[in-house]
Amino acid sequence: MPSSRPPAPDIFAAISTWLSDSLLDQLEGVTRFECRVAIRLLQTLERELTLGPEIDGAEQSRLSALLGTDGTTEDLTAQLADGIRRGEIDATAPGLLDHLRRSSRDALRINNPKWLG
Amino acid sequence: MQDPDSLTAELATVLAEKTGGTVEIGELRRLTAGATKGTWAFDAMTGGKTEPLILQISRPRILTESHDGTTDPQADLPLLSGSEDAAIQQAADQAGIAVPHVRFILALDRGRSLGVITDFVPGESLGRAIVTTPALSAARQVFARQCGQNLAKLHAIDPATLPFLKALGPADQVQIYRRIYESFDHPQPALELGLCWSEDHLPERSVTCVVHGDFRNGNMIVNDAGIGAILDWEIAHLGDPMEDLGWLCVNTWRFGGSAPVGGVGRREELFGAYEQAGGRLVDPDHVRFWEGFGCIKWAIICMMKGQAYRRGGGLARGLDLEAAAIGRRTEEPLHDFLNLAYPGD
Chain A
1 MPSSRPPAPD IFAAISTWLS DSLLDQLEGV TRFECRVAIR LLQTLERELT
51 LGPEIDGAEQ SRLSALLGTD GTTEDLTAQL ADGIRRGEID ATAPGLLDHL
101 RRSSRDALRI NNPKWLG
Chain B
1001 MQDPDSLTAE LATVLAEKTG GTVEIGELRR LTAGATKGTW AFDAMTGGKT
1051 EPLILQISRP RILTESHDGT TDPQADLPLL SGSEDAAIQQ AADQAGIAVP
1101 HVRFILALDR GRSLGVITDF VPGESLGRAI VTTPALSAAR QVFARQCGQN
1151 LAKLHAIDPA TLPFLKALGP ADQVQIYRRI YESFDHPQPA LELGLCWSED
1201 HLPERSVTCV VHGDFRNGNM IVNDAGIGAI LDWEIAHLGD PMEDLGWLCV
1251 NTWRFGGSAP VGGVGRREEL FGAYEQAGGR LVDPDHVRFW EGFGCIKWAI
1301 ICMMKGQAYR RGGGLARGLD LEAAAIGRRT EEPLHDFLNL AYPGD
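Line by line, the protein sequences are chains A and B.
The opening position of the first sequence corresponds to residue 1 in my numbering, with each subsequent residue numbered one higher.
The opening position of the second sequence corresponds to residue 1001 in my numbering, with each subsequent residue numbered one higher.
Chain B on its own, in the form it takes in the complex (with noise of 0.2 Å):
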């Protein structure tokens, strides 16, 4: 599956299928951003007219039962399916939101993965890029206004359209990312502490929408114009909209600038544009609620990916290098969370 030419071969005849003509496929390449899921790169001939094309293939969920046998809590945590996440795509696309445009969607290696193909959206994906490149510069100018923008228009879907997102609120994700973090038996003061802080400061009230997840420098592409692109759709959930506002000015994905909003923009332009396009009125410290467990939930998520090898009571299987890398990042949000919460202690 993971091989370039019987994956071009087999794109070839499944797209003659869908389109009934004679497809060409060209210059499949896996594309290096990006390591959760499989996406390729390619160019699609037909008739003298070439295309270029981003194909993402999913593979089922597989589940891991922790070692005293009861169901491993990163299990809780939402992840939709290759076909969900086309179907979310196309929702945001219908409503607006910069999203790759999907093309197809298609059964390959006899039914065992998803693959779906969009349009591929130029622009630089990497986080760092964005905040240093100077060709960019522009883009950085309407950065925080366009991410407010698509946001509104996110938070405004009908939840009833998309019916498998799982619900998941403030509480229940505090509550979740406990149970991961215990499971690994690391105790870690500063994350029991960024723990208590987080349920101490639960937002007492909040509404319940189609939230990103993971909305946030480094999963969109941005090209001269600003936002091309939003990515990584497959965390989507139902909950509290101020989520996506608190994790895209996590410190983190500010790639080393100096601007809260993905390292690039202003707070203030970014709750404005929002509720200038619908969005609901924001309460920067509701945002700040996110931006502070944010710290804590990547910490976590550091902790999943650096362990990830050992899970099961053994060794799962191999410890690769960027997992290794990634596990090794756990002190940055703690740092910053402590900066966070306790200012000029």
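Isolated chain A, as found in the complex (with noise of 0.2 Å):
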């Protein structure tokens, strides 16, 4: 990807940031809903850019020490949901919880950072 700047978050946040303080006020009933609902998808995007690439390298290793077997986020987690499905992997797996709780929560500090607490 090319280095082009101002660098992306930095339009998303921008962007909604131009979307809460210029547009919001000027609608009302569904469309100001909506607008309300843009803004908190575009402060994801800007959380899953910022933090995205250091989640997914810690979720990467955790997944290959729990399965001992290297591969993408992607194909290590397909793996894991398979032996889980089969009854190969379960609650009582060392680690298995640890990984999920951890999963669920850098999601939520991208999705919705406010569901930790």
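Just so you know, the hints here were simulated from the structure itself, not pulled from any lab data.
Be careful, since some hints might not be right.
Restraint-style ranges between C-beta atoms, simulated for each label pair [stated by the list, open to error]:
#1 29(A) <-> 1167(B): 39 to 45 Å
#2 31(A) <-> 1224(B): 29 to 35 Å
#3 1111(B) <-> 51(A): 50 to 56 Å
Here's a subset of chain B near chain A, in silico, CB distances under 10 Å, partners left out [unchecked claim]:
#4 1164
#5 1179
#6 1182
#7 1189
#8 1193
#9 1256
#10 1257
#11 1309
#12 1321
#13 1322
#14 1331
#15 1339
We treat Cβ as the ideally placed atom computed from N, Cα and C, and that holds for glycine.
Fit the two chains together into the complex; they arrive one by one in their own frames, and the hints show the way.
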């Protein structure tokens, strides 16, 4: 990807600030509600671009350790899901619950940090 | 059909036929909350009297096929037609449950859709507002008990009087939601674990009752006196009565409140009022199954909403913002499920 400036997270932040400060108050009813949703989604994307690489790296290392094999985060996640479905890996497997907790917490850091209190 | 002016004119005509007098329609406006059905508020004026009413418009259901040509597993979920929805509301009304009283059932748009007109019930329906609005503090005190009382009455309705309801017990539901999840081909280890947990914790015994299916904060109108009306009956079915008690306690429906029952009440109040009002004896572990599976079910519903636009192997329609936002809520209930099923680990 070209390293153009300003970087994408900053542009997302600028758009969501513009929507909240300049547009939101001019809207009412359904479009006002939708504008709030759009702002939340832009903020989510901003966090995803900023936090994503670190979160993905940590997830991949945990998965590799858990499954004892290498691969992309996507492939390892599919393998883990498959192992759980087949009953080969259950809640007592060392590291499993810790991994799942961290993964859902990391996803919430992007999608809805307020959920974590 | 969605155009307010033509709908106003059509309502005036249809209501005049129904009542045999002149009816003027004023202030027709689309209500924002509740996105699955068309809900409108309006004033009906007859002989100098103005009455606020609610109109719900429903369209026939469209089933889709999944990419491998088999029937979409979502078709196995219960979904009442507009007239069945009105019928169960009327049965609930007769059983003394807080529901909007049905006034008229109308064919609209040359018979292509059905309109159900009910009384307007004043109050708040947004879950977050019910948990936080200072003016509703007295209502919050009685909320859990009133939930128990209304559910006891609902679960006492003779299922034979509502023969159109689909039977959907705990094992059926876990299986249907598993198939829906698998149809997305988007592996989620926490969700797999939740489905396995649900299969391992299925209630050993359950009776079959009329179940609301989406009984929770956010689907009720609450005013000073407490629960004014229970809404959103379209996924009612025959099933385990404890489903309604467990779903009500799912963390998502607490809207940030700390108390388990809709964010505002205690489980003991709910269970006690339910038993006192004639409901069956409540086993908290049995309810906990429905709360845990409820998290998993909500996670799958979030996936359903977020992926609806890409069903059938291509882009079925545009992705709307609210659906995108709900899709991004999938991990909230997964996080809650892990806390519920494996506390202290």
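Tested hints:
1. 29(A) <-> 1167(B): 39 to 45 Å: Since the Cβ atoms of residue 29(A) and residue 1167(B) sit about 40 Å apart, the hinted range of 39 to 45 Å holds.
2. 31(A) <-> 1224(B): 29 to 35 Å: holds (31 Å)
3. 1111(B) <-> 51(A): 50 to 56 Å: holds (53 Å)
4. 1164: violated (32 Å)
5. 1179: violated (13 Å)
6. 1182: Since the shortest Cβ distance to chain A is 9 Å, the answer is holds.
7. 1189: This interface hint holds because 5 Å falls under the 10 Å limit.
8. 1193: holds (5 Å)
9. 1256: Result: holds, 8 Å to nearest chain A Cβ.
10. 1257: violated (13 Å)
11. 1309: violated (14 Å)
12. 1321: holds (5 Å)
13. 1322: holds (6 Å)
14. 1331: This hint holds: residue 1331(B) lies near chain A, its Cβ roughly 4 Å from the closest one there, short of 10 Å.
15. 1339: holds (9 Å)
Going through the hint list in order, the structure does not satisfy hints 4, 5, 10, 11.
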